[in-house]
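2 protein chains.
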Amino acid sequence: MAQSEPLYRQIAADLREQIRGGQLKAGDRLPTEAELREQYGVSRNTVRLAFAQLQNEGMITSTQGRGTIVREQVITTYHASWAESRDRMSSDQVDAFHAEQAAQGHKSAYRDFEMRIVPASPELAERLTVDEGDSLVSRSFVRQVDGEPSSLQDSYYPMDIAQECGLLTPHDVAGGAIRAMAAKGHVEIGYVDEVTTRMPRPDESRKLGLGIGTPVLVYVRTTYSDTRPLRLTLTIFAGDRNRLVYELGDISGYHGQNGYAS
Amino acid sequence: MAQSEPLYRQIAADLREQIRGGQLKAGDRLPTEAELREQYGVSRNTVRLAFAQLQNEGMITSTQGRGTIVREQVITTYHASWAESRDRMSSDQVDAFHAEQAAQGHKSAYRDFEMRIVPASPELAERLTVDEGDSLVSRSFVRQVDGEPSSLQDSYYPMDIAQECGLLTPHDVAGGAIRAMAAKGHVEIGYVDEVTTRMPRPDESRKLGLGIGTPVLVYVRTTYSDTRPLRLTLTIFAGDRNRLVYELGDISGYHGQNGYAS
DNA sequence: TAGTGGTCTAGACCACCAC
DNA sequence: TGGTGGTCTAGACCACTAT
Chain V
1 MAQSEPLYRQ IAADLREQIR GGQLKAGDRL PTEAELREQY GVSRNTVRLA FAQLQNEGMI
61 TSTQGRGTIV REQVITTYHA SWAESRDRMS SDQVDAFHAE QAAQGHKSAY RDFEMRIVPA
121 SPELAERLTV DEGDSLVSRS FVRQVDGEPS SLQDSYYPMD IAQECGLLTP HDVAGGAIRA
181 MAAKGHVEIG YVDEVTTRMP RPDESRKLGL GIGTPVLVYV RTTYSDTRPL RLTLTIFAGD
241 RNRLVYELGD ISGYHGQNGY AS
Chain Y
1001 MAQSEPLYRQ IAADLREQIR GGQLKAGDRL PTEAELREQY GVSRNTVRLA FAQLQNEGMI
1061 TSTQGRGTIV REQVITTYHA SWAESRDRMS SDQVDAFHAE QAAQGHKSAY RDFEMRIVPA
1121 SPELAERLTV DEGDSLVSRS FVRQVDGEPS SLQDSYYPMD IAQECGLLTP HDVAGGAIRA
1181 MAAKGHVEIG YVDEVTTRMP RPDESRKLGL GIGTPVLVYV RTTYSDTRPL RLTLTIFAGD
1241 RNRLVYELGD ISGYHGQNGY AS
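Listed in order, the protein sequences are those of chains V and Y.
Per the numbering used here, residue 1 is the first one in the first sequence, and the count goes up by one each step.
Per the numbering used here, residue 1001 is the first one in the second sequence, and the count goes up by one each step.
Hints are computed from structural coordinates only; laboratory data are not their basis.
This structure is a prediction, so every number in the text was calculated from the model and none was measured.
DEER-style ranges, computed between Cβ atoms:
1) Y:Ala1099 with V:Ala102: 41 to 51 angstroms
2) Y:Glu1164 with V:Ser140: 48 to 58 angstroms
3) Y:Asp1160 with V:Asp112: 48 to 58 angstroms
4) V:Arg201 with Y:Gly1027: 12 to 22 angstroms
5) V:Arg48 with Y:Glu1035: 23 to 33 angstroms
In this text, a Cβ means the ideal position worked out from N, Cα and C, and glycines have one as well.
Kindly produce the complete structure, drawing on both the sequences and the hints.
Here is the structure:
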């Protein structure tokens, strides 16, 4: 028997089952803490432990004064093997991101643009093949989709390239930084992408408006010309709203839908 | 002033600072709940709330009877753009995974192999272009690295291909399923990879031995021949121990290290 | 056995939201 | 205003680990 399961886990399991089974749908309100306390004959703290477990699984969200609801997810797709590739960038857009979001029926925008000069951390120095502590130019912004923050992006450039290509301005670069570098002969011909996941730090959680129990997708792209690393872009994606997609090789046998609707 | 911060958040912030600052290193023991209760003059529950927050951020682990320690992370790399590619597979290995882990100084193994016949879910049906409910062959196992479970892998094959290529056996297929399919003319020439993250379900958490506050990396690879989808592989990576890497285009300008040590 | 974290109770007051 | 969740206290007993 699983009788030895603690009470709060049993309560959490019951509620999880009701959500998976469809009795409680996305957006529905769960019973209040008081109701569950009576229903199970336990203390309020035990109910709160059960709620905490489900919150940490990303299944529910509690709001002071309003109640506790089943979380819903709207996932948008980021085609990593398309984005920033030159043959997909039309002349009047910064990157392929806007176009892809529009194709999925979403509106995207940039917010809180910042330019800073920072010393290279060990990780940055290794990937950009500069010395630790060397100055790098950081250009960062928040990406919004449908008015909600969706990802935090931070690109790092070696100082000499940034100076040569006019990336030291605290504004958006017309046509995009990639184009500006290409115009000076620094053409990106290869990428290395690293993808990991972790729980957000408090400031990331705040900027992305993440609920408890939402991890982030950490996406690091290092780009190369034929001779050297040109740029490192670190993107923190809100894990409950984003999907990274790579297309490799020949996928002409693919049915061609761009939806990945599920 | 940030005086309005709840007590437990202040305590969590203090401890987080000590970890980030290096006063508390990976593997070190934190003060006990009783010590912190005295130190801050709060109730034990408040200390526990602070611990819970840090656990959910993946920073600490508590064990009954032993204490609370700072978590440490050993990350291994999974080269998604290499794995399973034919020109990287030597004749005597199932896939490139073993070789890559060995190159990183890790020992890998497979456990708990299973073969099942399952009906296609809507997501599987869409990607494999079969009808919902059609029978698929599922072949799954647990991947271990250095004796610890590292990822759960589950591959789905259309029934006709599985029958033709001898994938209906409840054992490992000699030389690997990819080779078996290629021998019958079903050659994989393209991939679509989808990468997302979420918190683990209780069973995944158990199989992977995940602590509280550890998300998983969900990795779905659909492979194609020149005419049709051949296979869908779903991998659930323990988020605290794995990194996915893609190399795209020409990276001859890359410095050539395979470490990504950090 | 002593000390740790795990579970649980029964209260209290507060901040926020809908009415 | 009444009800919701957010924070906090001051206990209690249990399960596990180290010694």
